[in-house]
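**Q** Chains as they are written, first to last, in our numbering: chain A, 1 to 300; chain B, 1 to 430.
Some clues are possibly wrong.
Now the in silico label distances, taken between C-beta atoms and shown as ranges [stated by the list, open to error]: (1) Ala126(A) <-> Ala283(B): 26 to 34 Å; (2) Thr284(B) <-> Leu64(A): 45 to 53 Å; (3) Asp181(B) <-> Asn235(A): 46 to 54 Å; (4) Ile282(A) <-> Gln56(B): 51 to 59 Å; (5) Asn47(B) <-> Asn235(A): 27 to 35 Å.
In silico SDA-like pairs for lysine to any residue, Cα to Cα no more than 25 Å straight-line [as the list claims (entries may be wrong)]: (6) Lys163(B) <-> Gly349(B); (7) Lys111(B) <-> Pro60(A); (8) Lys167(B) <-> Asn141(A); (9) Lys197(B) <-> Ser161(A); (10) Lys333(B) <-> Lys343(B); (11) Lys175(A) <-> Thr263(B); (12) Lys286(B) <-> Asp376(B); (13) Lys261(B) <-> Pro74(A); (14) Lys111(B) <-> Val41(A); (15) Lys125(B) <-> Ala34(B); (16) Lys162(A) <-> Glu207(B); (17) Lys111(B) <-> Gly63(A); (18) Lys255(B) <-> Asn141(A); (19) Lys175(A) <-> Leu143(A); (20) Lys79(B) <-> Phe49(A); (21) Lys233(B) <-> Arg380(B); (22) Lys343(B) <-> Pro369(B); (23) Lys140(B) <-> Val128(B); (24) Lys372(B) <-> Val128(B); (25) Lys163(B) <-> Asn141(A); (26) Lys261(B) <-> Pro166(A); (27) Lys323(B) <-> Val57(A); (28) Lys255(B) <-> Val147(A); (29) Lys333(B) <-> Lys79(B); (30) Lys288(B) <-> Gly132(A); (31) Lys261(B) <-> Val147(A); (32) Lys255(B) <-> Leu143(A); (33) Lys261(B) <-> Leu135(A); (34) Lys261(B) <-> Ser161(A); (35) Lys422(B) <-> Leu279(A); (36) Lys302(B) <-> Gly292(B); (37) Lys194(B) <-> Glu207(B); (38) Lys343(B) <-> Thr284(B); (39) Lys288(B) <-> Val173(B); (40) Lys193(A) <-> Leu105(A).
The hints are simulated quantities; they were obtained by calculation from the structure and are not laboratory data. For each residue, glycine too, the CB sits at the ideal point set by N, CA and C.
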Amino acid sequence: MSRHRGLLAGILGKQPIGTAFVTPYVVFLAVIFAYPLGFAVYMSFHDYFFTAPGAIVDRPWVGLANYATVLSDPAVRRSFVNVGIFLVINVPLTVILSLVLAYALNSAIRWRTFFRVSYYVPYVAASVAVVGVWLFLFNSNGLVNSVLGPLAPDPSWLVNSKLAMPTVALYVTWKQLGFFILLYLAALQNVSKDLYEAASMDGAGRLKSFWNVTVPGVRPATTLVVLLATVTGANLFTEPYLLTGGGGPDGHSASPVLIMYQKGIEQGNPDVGSAIGVLLVIGVLLLALVERRFVGREDR
Amino acid sequence: MKRKVMAAVLAFGLAGTAAACGSSGGGGNADAAAQAKGEITVWVSNNAEEVAWGKQMVAAWNAAHPDQKVTAQEIPTGKSSEEVIGAAITAGNAPCLIFNTSPASVSQFQKQGGLVALDSFPDGKSYVEERSGKVAEQYKSTDGKYYQLPWKDNPVMIFYNKKAFAKAGIDTVKPPLSTYDEFLATSRKLVATKAAKVAIYPAPSNEFYQSWFDFYPLFAAETGGKQLVADGKAQFASEEGKKVAGFWRTMYADKLASQEKYTGDSFVDGTAAMAIVGPWAIATYKGKVEWGAVPVPTSAGKSAAETYTFSDAKNVAMYSACKNRGTAWDVLKFATSKEQDGKLLEGTGQMPLRADVAGTYPEYFTKNPDYKQFADQAARTVEVPNVPNSITIWQTFRDTYSKSVIFGQQDPGEAFDGAVQKVDQLAAGS
Numbered sequence: 001m002s003r004h005r006g007l008l009a010g011i012l013g014k015q016p017i018g019t020a021f022v023t024p025y026v027v028f029l030a031v032i033f034a035y036p037l038g039f040a041v042y043m044s045f046h047d048y049f050f051t052a053p054g055a056i057v058d059r060p061w062v063g064l065a066n067y068a069t070v071l072s073d074p075a076v077r078r079s080f081v082n083v084g085i086f087l088v089i090n091v092p093l094t095v096i097l098s099l100v101l102a103y104a105l106n107s108a109i110r111w112r113t114f115f116r117v118s119y120y121v122p123y124v125a126a127s128v129a130v131v132g133v134w135l136f137l138f139n140s141n142g143l144v145n146s147v148l149g150p151l152a153p154d155p156s157w158l159v160n161s162k163l164a165m166p167t168v169a170l171y172v173t174w175k176q177l178g179f180f181i182l183l184y185l186a187a188l189q190n191v192s193k194d195l196y197e198a199a200s201m202d203g204a205g206r207l208k209s210f211w212n213v214t215v216p217g218v219r220p221a222t223t224l225v226v227l228l229a230t231v232t233g234a235n236l237f238t239e240p241y242l243l244t245g246g247g248g249p250d251g252h253s254a255s256p257v258l259i260m261y262q263k264g265i266e267q268g269n270p271d272v273g274s275a276i277g278v279l280l281v282i283g284v285l286l287l288a289l290v291e292r293r294f295v296g297r298e299d300r
Numbered sequence: 001m002k003r004k005v006m007a008a009v010l011a012f013g014l015a016g017t018a019a020a021c022g023s024s025g026g027g028g029n030a031d032a033a034a035q036a037k038g039e040i041t042v043w044v045s046n047n048a049e050e051v052a053w054g055k056q057m058v059a060a061w062n063a064a065h066p067d068q069k070v071t072a073q074e075i076p077t078g079k080s081s082e083e084v085i086g087a088a089i090t091a092g093n094a095p096c097l098i099f100n101t102s103p104a105s106v107s108q109f110q111k112q113g114g115l116v117a118l119d120s121f122p123d124g125k126s127y128v129e130e131r132s133g134k135v136a137e138q139y140k141s142t143d144g145k146y147y148q149l150p151w152k153d154n155p156v157m158i159f160y161n162k163k164a165f166a167k168a169g170i171d172t173v174k175p176p177l178s179t180y181d182e183f184l185a186t187s188r189k190l191v192a193t194k195a196a197k198v199a200i201y202p203a204p205s206n207e208f209y210q211s212w213f214d215f216y217p218l219f220a221a222e223t224g225g226k227q228l229v230a231d232g233k234a235q236f237a238s239e240e241g242k243k244v245a246g247f248w249r250t251m252y253a254d255k256l257a258s259q260e261k262y263t264g265d266s267f268v269d270g271t272a273a274m275a276i277v278g279p280w281a282i283a284t285y286k287g288k289v290e291w292g293a294v295p296v297p298t299s300a301g302k303s304a305a306e307t308y309t310f311s312d313a314k315n316v317a318m319y320s321a322c323k324n325r326g327t328a329w330d331v332l333k334f335a336t337s338k339e340q341d342g343k344l345l346e347g348t349g350q351m352p353l354r355a356d357v358a359g360t361y362p363e364y365f366t367k368n369p370d371y372k373q374f375a376d377q378a379a380r381t382v383e384v385p386n387v388p389n390s391i392t393i394w395q396t397f398r399d400t401y402s403k404s405v406i407f408g409q410q411d412p413g414e415a416f417d418g419a420v421q422k423v424d425q426l427a428a429g430s
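Excised from the complex, chain B in its bound form (with noise of 0.2 Å):
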């Protein structure tokens, strides 16, 4: 009998836990919600920038649509927002917007079933294309939908300390930063004569993101613009690939970055002469750092007019727990319209991903020339491709970067074509 009274509490216990997980939060028919109006929730990036953009914008649909509440909140604390937000999508109770979805996660979002198509909107796809114009194509998911909307970018170059520049010697207005071989040389004199302990100081640390300030910049800028993986296949151990892998290993090899992981910001403090981040930063430096600007190098130099870069964008997406999509929608074009988007530049610094950003805010950036080259910039960004296992195949492509750029355990070149095999299985869905 004691048996059957334990199995009893077992089969509650494991009962109860069932009904839990299997509980729905979810959408419900999809066509009336796309419809249906009425309160969501939307949650923002935990930056000071951005949850004051955000509560404006909350509080100014509010005054307009009483009738239609937006509640505003930060993405919730975990080691990162994407672990956050798929965490939510699993639980059933994902708000209805998120302003703050990386798009290296959209395809595993879209594979759980998280996500909305942007296309189920009578005026989606339409409204995608006309505000990003081009650049929304590299967005598009592999079955030709928008599950994400290209929101903003922090296209990623490379910033240099003016005092340390000068202490060095170096032209602080045009400096040798464009080749391979002046970034080489340029590094190799701040080193030299102690204007820094090291050149530059991307993070050397195995997370899967890690990549995208240190290799894809200049990949994206030796390719004129290809994605680490294009039609299905991986493109990093092309002659291009190789050479900013060689250009990165010289560089740890000879001690002008570091190998070792840093707490804190490392350009801020000064044991970095130089950094490669997007404006977003801007205003960490206010105060602390006379930086200026340049495009990533490439081995050749291109112009700052020809040369790409990573866009580090954050976009908004849809999650299919929202019952009021059709406020959903309402509200996502109004916090992506153009004075919204102009508020979002003027109070946070970075670069709506509109077309032609600097012809749209003329005064803006008149008002802030630093802040004109990364609009001219993000004409030319690249971003993370948009295929089945994103995570994976940045996290094969880091494992292979770490070992033989950073580590110097192979040979870079050979590391790569090692990697191609798996990361071309990865990209086709198995």
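Chain A extracted, bound-state conformation (with noise of 0.2 Å):
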């Protein structure tokens, strides 16, 4: 009896109900990320594609032929440039506006609560009804061209080149911007307000005891913000696809998740697809740690 007890002892440690209740979630880890991570890493260096169960293939190491595949088609080099220019553009907007706006609605202003659900509205709200929308402001016949008048690019928004994308980016920042704010809402109920006077006391504005308490006390919510930014972003996929139809124009406003969709699901080819999926995370990876570096310096 006793031996069996040391056997379970050893097996789920000194704390066992402590074992118990992690274990669920290390399942639930192992099976949805580690498996399907390890897995993509395999079919990345394979010759592989999905079959009936019980059907006998070959599936030979390719080494790094899908990543030379991938590397040496545009379309998908321009899908990395295309959510760089996204990242560029999104990133800095959300960390701006959502930490300007949060201290504006952390204030004492009248309607505080109808602003907030204002906000918060568009990021709960189903993509395909939030995309009929912007559809509306920004087709060559929308709301914005109609102000703009003469001033209208041409061609418009959505079907230029050069315009996609960065209309993509705003959108994207405009949606998601509500989620952000409840962070940096949280974040504000954190800054002591014996600093606020203390700055006041000292002689500063409204303008500098934000720039000098506010923005330093918020850090650690700023760090979560530009990298939970970075990863979303870096996984864009519904609204090029609702918004430009498929990455359109001439697949400049394509993403590399939306590349990796056509290439292992719609083109039966997942193992190319496996290695956008790897590339992407190695370079979200390092641009957190860039991040990180930079932006966390003080959480350090």
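Reassemble the complex: the two chains are provided individually, in unrelated frames, and hints are given to aid placement.
**A** Encoded structure:
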């Protein structure tokens, strides 16, 4: 009996209840994240395609061939440039707008709850529904061009190879703003009011106190916002698909995930799709490290 | 020890997943399955007319074969039925028959080991060829076998809005739409008189299948029935292909067609005066548009009797996860019999892929004269080529077409020449 207990303790450790609590999440992580990621890496190094159960096929090791295919494909290269353009616009704009708006919404203003809800509604609304509004605004005969008149771009926003991706970036910034405002609102509750009082006594105006008290005070939240905006931005798919009809014009709004979907699911080449995915993961990790180094430098 | 525990947990998780992925729902012994009879499941398309047809077909079968019950369900919702079917093949839970299999996906499903060759039934080959006639040839796979039964097509034609044409002062009985020059002149008149915002509105988006509704019907007509790829070689960079590209380029450059994505039906909304679509759409125009239809244009203006077009066919395939293939084969023949095809025609307006549809159902076409021209056109349809990497080929072509023809960022002729080598390689299976 004691031998069995010893064996159980050996498997479950000194804290079996703790292990029991942790196990479901570890299994979840292993099955939902670790296994697919490992499998994607495996696929990217093999000539791999999905088959019916029991079908006997050869899936030979192909080394870096899938990566060579991906890197030599102009559509894939274009998609990485596109997502770069997207991030350059989306991430700083998200940080600035959400912080400023959260600061404003944290102040004692009238209709505060109404404004908070208003900013949050696009985030929770279905993309398909919200895209309809955006198309109404940015079509060649849309509201924006009607207001701009002769200053309207030709070709119009969503079919203009230079403007399509920035328009998508603006759309996503607007759609997700509510979520990031909430993060900043939470962070603002932790900034001590004493600091504002001290700054005021030192003669700092609203702008100076915002810059010298609020911005450093919410730096951990800023780090989180930058990382989350980068990760969600790199996973861009729905918006270019719905707004620009699958990456138009001429692939100038196609994202790597959109190309992954085309290659892996539509065209039955999951090995090539996986190679794009692995490159994207590496790219995002590197970018996140750089961002962490710059934005989160005082957190260390 | 903690590491060991974690390793055990991870291994358990991986083993569970691997087991789930590896579990067989497959067909087992193919010869035994080909004889096996019993319950089967079939999937039908999810539009109301086809669902109604499917229900009555299954009810008729079940009434006569209580020991071989058929259960029908709509294809599960997904972005496209092809993706849902591909996933079902991989998971091993595809039904026995799917009455909505896209010919463009057949080579991929075949490569996945997901399809049953209909030739494996003693009367398989003869049934396909006797029912469809010489059209059946286009649906043969590269190994010479039939993995799909050509079921129904929707010959793509030019629909025009009679009210818009009348407003522009254009003949509504015999509109000048036969040659490219006529089509362009008519389009200019429609836009100049503001009868419609654009003359025609093919989807300008980048999905691989969109070329089936702009370039391909006109290419089939111009070439007298050539496929995009023939004998393993790309055909679109030919003189005829470049003429078609030049025509559409002018339509976009002169803003007679729009580069922008449209949400809704531009023809029904009156935004476009014409549409390029098959007879399945007639039901959606009922009471909304007073329409007429003509064959797609050619550079020299071929007669209707000589004009080819894209078939926009959907076929029936048998999937390898099916255990009772004997019943599935019998159901397939029952569902594509003269009687059931007649019910399909009656209920949906779609043309069964039979030899001489008009002659087989004369009463229907007497009652519905609007459909007669589609039945005539059905004899001259071109299918997507049944070659390896079919969808990748179409996506490659669409990217090229989109860049050069729709957005004018490259000369269409040059762009087409540039895409030939890649398409040839893909068609060769590499």
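**Q** Hint by hint, which ones does this structure get wrong, listed from lowest number up?
**A** Going through the list in order, the structure violates hints 29 and 37 and respects the others.
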